Structures are given as structure tokens and as C-alpha cells.
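Protein sequence lines, in the order shown, are assigned to chains U and D. So for the first sequence, the working numbering puts the first residue at 2; every next one is plus one. So for the second sequence, the working numbering puts the first residue at 2; every next one is plus one.
It is worth saying that the hints were derived from the structure and are not from the lab. Note that the coordinates shown come from a computational prediction; the quantities given were computed from them, not determined experimentally. There could be a bad hint or two in this list.
Since the list gives no way to pick one copy over another, a pair counts as held whenever it fits inside one copy or between any two copies.
As the list claims (entries may be wrong) - Straight-line alpha carbon distances no greater than 20 angstroms define the calculated EDC-like cross-link-like pairs of lysine to aspartate or glutamate that follow:
id, residue 1, residue 2
1, 39, 92
2, 103, 20
3, 15, 70
4, 103, 18
5, 25, 81
6, 103, 81
7, 25, 70
8, 33, 92
9, 33, 101
10, 25, 101
11, 16, 101
12, 25, 12
13, 39, 67
14, 25, 86
15, 103, 67
16, 39, 18
17, 39, 12
18, 33, 81
19, 16, 67
20, 15, 81
Protein chains: 2
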Amino acid sequence: MISVSVIYPNESGKKFDIDYYCNKHIPMVQQKLGSACKRVAVEQGLAGATPGAPAAFIAICHLYFDSPEAYQTAFSPHAEAIMGDIPNYTDIQPMIQISEVKI
Amino acid sequence: MISVSVIYPNESGKKFDIDYYCNKHIPMVQQKLGSACKRVAVEQGLAGATPGAPAAFIAICHLYFDSPEAYQTAFSPHAEAIMGDIPNYTDIQPMIQISEVKI
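With the rest of the complex left out, here is chain U (with noise of 0.2 angstroms):
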């Protein structure tokens, strides 16, 4: 199993629409993506591990794949749909990976 992280630095002064980002993008993610994205996991950034420190990233999302094949096939044909959404929720450029799941 691998997963694609999209993780969004928390930069100051500019937006994240949480609302729009859970209520809207994801879904819209997920029925372009199909049944090749087996799960999907997005968390907010609340806090830093110190008291009073801000969180490092606003948003981490996890889409979950069997292999990076499998993740490229059902992304590109949906890519400019995906990607043009982005400017709807944030104008923050994430940072992108795919991971091997180990636990």
C-alpha cells in the first residue's frame, strides 16, 4: 500500500478553507480518483508541541493506493479537474510525496 501525502505548510497570510477543502475538494477527489483510492485521511493542524507554538502544516491529507501505478493511472486523467480546484481553498503551494505505508 502506498500513500500520496499532500501537505500544506501553515504560511501567514494566506487562506485555507478547511470547510471547502473537507466538504468539497475531497469529495470530488475521491469520485474522480474511484475505487483505486482505497481510503483517504486529512487532518488540521491545531497546535505545535510546545505551548503556544503554532502548527508546522494546516492540512495533511493521505490518499491511499495499492502502488504508485495504480495512483498515476486513476490521477491523470483527472489531473487538471484536481488541480484547478486548489485555488478554491488555498493559495498555499503543498508539498507532495508518495510513501510507502509501513504501519
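Start from chain U and add chain D according to the hints.
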């Protein structure tokens, strides 16, 4: 539900022993935290979003709890043992944050 996310930047010249992390460190952490820790997820960064790009993070771990207070209560008595084990698998300073699980 909240997640305590422990995120290790992929820094060149640094070590990260994923086998020790998955087979020794995480089981020890789970044993110390007990039933307050509802679930653990660990992934290992493989690649960035563009061909040939490295993953920004060598490992991402999420530990799930009912609340920030449940985490603090479970973690505090074992902080020294848990933090003291870090040099056994890495010399990377992790980024730690508390997040709200949205999806």
C-alpha cells in the same frame, strides 16, 4: 479524535533506521502510551511528486488519541524514555504537531 504527527524531514547526510523505528521504537511507544493511543500510522517517504524528486519527508508518523489532554496524560510520564530512544534510529529533529482528524 486528534493526531499527534511526528514528521521527519529528509535531510541529506542524516540517518533514519526505518526497521528500528517500526520494529522497536513504535512498539515501545505503543506499550508506554497504552490504550489512550487508539491507532498508529507510519509511512516512509519514497519519492516526490515529480520524476526523480526526493521525498520531502523520510518518515511521517501519526498517533491517534481522543483529545490533546488524553495525549498529554499518556505521554508525559514516558516522555524521557520515548525521547531518549530517538538517537537509536535517527539524528533528524522531527517536526511535531497536534492536529484534528477531519476525515
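To see whether the hints hold, each was checked on the structure:
1. With identical chains, the CA atoms of residue 39 and residue 92 are never at most 20 angstroms apart, being 28 angstroms at best within one copy and 34 angstroms at best between copies.
2. Taking the shortest Cα distances, residue 103 and residue 20 sit within 20 angstroms of each other only across copies (10 angstroms), while inside one copy they are farther apart (30 angstroms).
3. In the homo-oligomer, the alpha carbons of residue 15 and residue 70 never lie at most 20 angstroms apart, since the shortest distance is 33 angstroms inside one protomer and 29 angstroms across protomers.
4. Taking CA atoms no more than 20 angstroms apart as the test, residue 103 paired with residue 18 passes between copies only; the shortest distance there is 13 angstroms, against 31 angstroms inside one copy.
5. Within a single copy, residue 25 and residue 81 get their C-alpha atoms as close as 16 angstroms, which meets the 20 angstroms cut-off; across copies the closest is 42 angstroms, which misses it.
6. When the C-alpha separation of residue 103 and residue 81 is checked against a cutoff of 20 angstroms, the pair qualifies neither within a copy, at 30 angstroms, nor between copies, at 25 angstroms.
7. Taking CA atoms no more than 20 angstroms apart as the test, residue 25 paired with residue 70 passes in neither setting, with 26 angstroms inside one copy and 31 angstroms between copies.
8. In this homomeric assembly, residue 33 and residue 92 never come within 20 angstroms of each other (Cα to Cα): the closest approach is 22 angstroms inside a single copy and 40 angstroms across copies.
9. Taking the shortest Cα distances, residue 33 and residue 101 never come within 20 angstroms of each other, neither inside one copy (22 angstroms) nor across copies (26 angstroms).
10. In this homomeric assembly, residue 25 and residue 101 come within 20 angstroms of each other (Cα to Cα) only across copies, at 18 angstroms, whereas the closest approach inside a single copy is 27 angstroms.
11. Taking the shortest alpha-carbon separations for residue 16 and residue 101, only the inter-copy value of 18 angstroms comes in at or below 20 angstroms, while the best intra-copy value is 30 angstroms.
12. Taking the closest pair of Cα atoms, residue 25 and residue 12 never come within 20 angstroms of each other, the shortest separation being 22 angstroms inside a single copy and 35 angstroms across copies.
13. Only within a single protomer do residue 39 and residue 67 lie at most 20 angstroms apart by alpha-carbon distance; the minimum there is 8 angstroms, versus 24 angstroms between protomers.
14. Taking the closest pair of Cα atoms, residue 25 and residue 86 come within 20 angstroms of each other only inside a single copy of the chain (9 angstroms); across copies the shortest separation is 42 angstroms, beyond that limit.
15. Proximity of residue 103 to residue 67 under the C-alpha cut-off of 20 angstroms is restricted to the intra-copy arrangement: shortest distance 13 angstroms within a copy versus 23 angstroms between copies.
16. Taking identical chains as interchangeable, the C-alpha atoms of residue 39 and residue 18 are never at most 20 angstroms apart, the minima being 25 angstroms within one chain and 28 angstroms between chains.
17. For the identical chains of this complex, residue 39 and residue 12 are neighbours neither inside a copy (30 angstroms) nor across copies (30 angstroms), given an alpha-carbon limit of 20 angstroms.
18. In the homo-oligomer, the alpha carbons of residue 33 and residue 81 lie at most 20 angstroms apart inside one protomer (11 angstroms), although the nearest pairing across protomers, at 46 angstroms, exceeds that limit.
19. In this assembly of identical chains, the alpha carbons of residue 16 and residue 67 never lie at most 20 angstroms apart, being 32 angstroms within a copy and 28 angstroms across copies at closest.
20. Neither within a single protomer nor between protomers do residue 15 and residue 81 lie at most 20 angstroms apart by alpha-carbon distance, with minima of 23 angstroms and 36 angstroms respectively.
In terms of the numbered hints stated before, the structure departs from hints 1, 3, 6, 7, 8, 9, 12, 16, 17, 19 and 20, listed from lowest to highest.
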